[in-house]
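2 protein chains.
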Amino acid sequence: MIDLIAFDADDTLWENENYYKEAEQKLAGLLVEYHAREFIVEELLKTEIRNIAAYGYGIKSFTLSMIETAIELTGGKITAAQIQKIIGFGKEMIATDVVLLDGVWETIQALSSSHTLIIITKGDLLDQERKVARSGLGDYFKSVEVVSEKTSESYARILAKYDIAPKLFLMIGNSLKSDVLPVIAIGGAAIHIPNSTTWAHEAVSEEESRKNNYYELDHLGQLPEFLNKLSER
Amino acid sequence: MIDLIAFDADDTLWENENYYKEAEQKLAGLLVEYHAREFIVEELLKTEIRNIAAYGYGIKSFTLSMIETAIELTGGKITAAQIQKIIGFGKEMIATDVVLLDGVWETIQALSSSHTLIIITKGDLLDQERKVARSGLGDYFKSVEVVSEKTSESYARILAKYDIAPKLFLMIGNSLKSDVLPVIAIGGAAIHIPNSTTWAHEAVSEEESRKNNYYELDHLGQLPEFLNKLSER
Chain A
20 MIDLIAFDAD DTLWENENYY KEAEQKLAGL LVEYHAREFI VEELLKTEIR
70 NIAAYGYGIK SFTLSMIETA IELTGGKITA AQIQKIIGFG KEMIATDVVL
120 LDGVWETIQA LSSSHTLIII TKGDLLDQER KVARSGLGDY FKSVEVVSEK
170 TSESYARILA KYDIAPKLFL MIGNSLKSDV LPVIAIGGAA IHIPNSTTWA
220 HEAVSEEESR KNNYYELDHL GQLPEFLNKL SER
Chain B
20 MIDLIAFDAD DTLWENENYY KEAEQKLAGL LVEYHAREFI VEELLKTEIR
70 NIAAYGYGIK SFTLSMIETA IELTGGKITA AQIQKIIGFG KEMIATDVVL
120 LDGVWETIQA LSSSHTLIII TKGDLLDQER KVARSGLGDY FKSVEVVSEK
170 TSESYARILA KYDIAPKLFL MIGNSLKSDV LPVIAIGGAA IHIPNSTTWA
220 HEAVSEEESR KNNYYELDHL GQLPEFLNKL SER
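As given, the protein sequences belong to chains A and B, one line each in that order. So our numbering is basically just the index in the first sequence, starting at one, shifted up by 19. So our numbering is basically just the index in the second sequence, starting at one, shifted up by 19.
So here's chain A without its partners, still in its complex pose:
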């Protein structure tokens, strides 16, 4: 019934957004004599969104946006030493260990014997490859597809490459905008597993999500049982 199961990576298989939140707070701490923390975080988000077209996603883009925001919000008063610190915040993120979410290891291991599994993720190619390697899960996935944006077109292109009909495809992820809605739009199935922290740029309105049909699970450990039930119907 399902020939190919694809997983989002960040905040679906392992923690990610919390490292960005930590870095945001470090930046806010650095600039706290100039502005309120909340305002700094808001302005950073604006810079990030403005830079997506040029920079795309990932830690390097985020680091460059932090530097740009710091220069703007201090009216050019930020020092070189402080900018060096911001570069350090980014490098710490790159060096961080991969922490798998609950139930991920057992679930991926179990499903890999019955299904073809791949990862579909956006972000920085090198960074995502590194996280897959560090996760220890690499051998369970047939391939890792890193795309610059998760649109219906990018999903359709991947399915064409694997010669899989959309109705035989299941996508699992924490972002309605990136992992669920574009897959449903091309006739695939999708499971939403919400994460406690979702990046503001990835949030969609409740109204938009209510219009669509998709499954929702609390954590990945529930997936094998869910697939069993699905195949019994």
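It is worth saying that the hints were derived from the structure and are not from the lab. It is possible that some hints are incorrect.
Same chains, same names: a pair is fine if it fits in one copy or spans any two.
[Stated by the list, open to error] Below, computed lysine-lysine pairings styled on DSS-like, alpha-carbon distance capped at 27 Å:
| no. | residue 1 | residue 2 |
| --- | --- | --- |
| 1 | 196 | 65 |
| 2 | 104 | 65 |
| 3 | 180 | 110 |
| 4 | 110 | 65 |
| 5 | 186 | 161 |
| 6 | 180 | 45 |
| 7 | 110 | 96 |
| 8 | 161 | 248 |
Given chain A's structure and the hints, the job is docking chain B onto it.
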């Protein structure tokens, strides 16, 4: 005889290295009151090589390395306004038009009717996708493979994905280190088309290149005739 022809992108299909050289000179101009131009460019190269493991290739990595070098070489005296300029150098590179090298358009168009063509490139995913789109050549290539490093392993992985035996594979590029030597090592064929500007990090010794067997052409326009001769033998 050849089932799959893969092309490197930067400095094989279109100009690239010269934009990096231009940005290096802009950085050197910005820091000229502190150091000699040549020294600045040398130090930048050191920073870039030190950062490859963390950042990988591409314009964002290069921008972050320019900022780091500027902070180091000014002993932290560089101003926020100057760092903003460096960010601007990087953004200009991202926005630059794609300029095809001589003979590329006709050659790719001609070969696409007789062979399966793909692009294999390293660097930043978004940036490479953008250049392929801007080049107008996108439709002639079956796919674009962006890898984090061009090693024998990464080539072997791509050939496995396309189910192509190495001896039926031809790689064409301007870098002996990235496009020629690792392909020959797994039993594929390779054509070297030297570019007038090669990044110091990509250079290999003459001795190393003499040990290996590969073809060399002056420009891509010679490729169709070369392939004809090859198939007559």
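Against the structure, the hints:
1. 196 x 65: within (18 Å within a copy, 41 Å between copies)
2. 104 x 65: Close inside one copy (21 Å) and across copies (20 Å); limit 27 Å.
3. 180 x 110: Neither way: residue 180 and residue 110 sit 34 Å apart in one copy and 33 Å across, limit 27 Å.
4. 110 x 65: So residue 110 and residue 65 pass the 27 Å test inside a copy (22 Å) and across (17 Å) alike.
5. 186 x 161: both (20 Å within a copy, 24 Å between copies)
6. 180 x 45: Cα proximity of residue 180 and residue 45: none, with 42 Å in one copy and 42 Å across.
7. 110 x 96: The answer is both: 23 Å in one copy and 22 Å across copies each meet 27 Å.
8. 161 x 248: Cα proximity of residue 161 and residue 248: one copy only (25 Å, versus 39 Å across).
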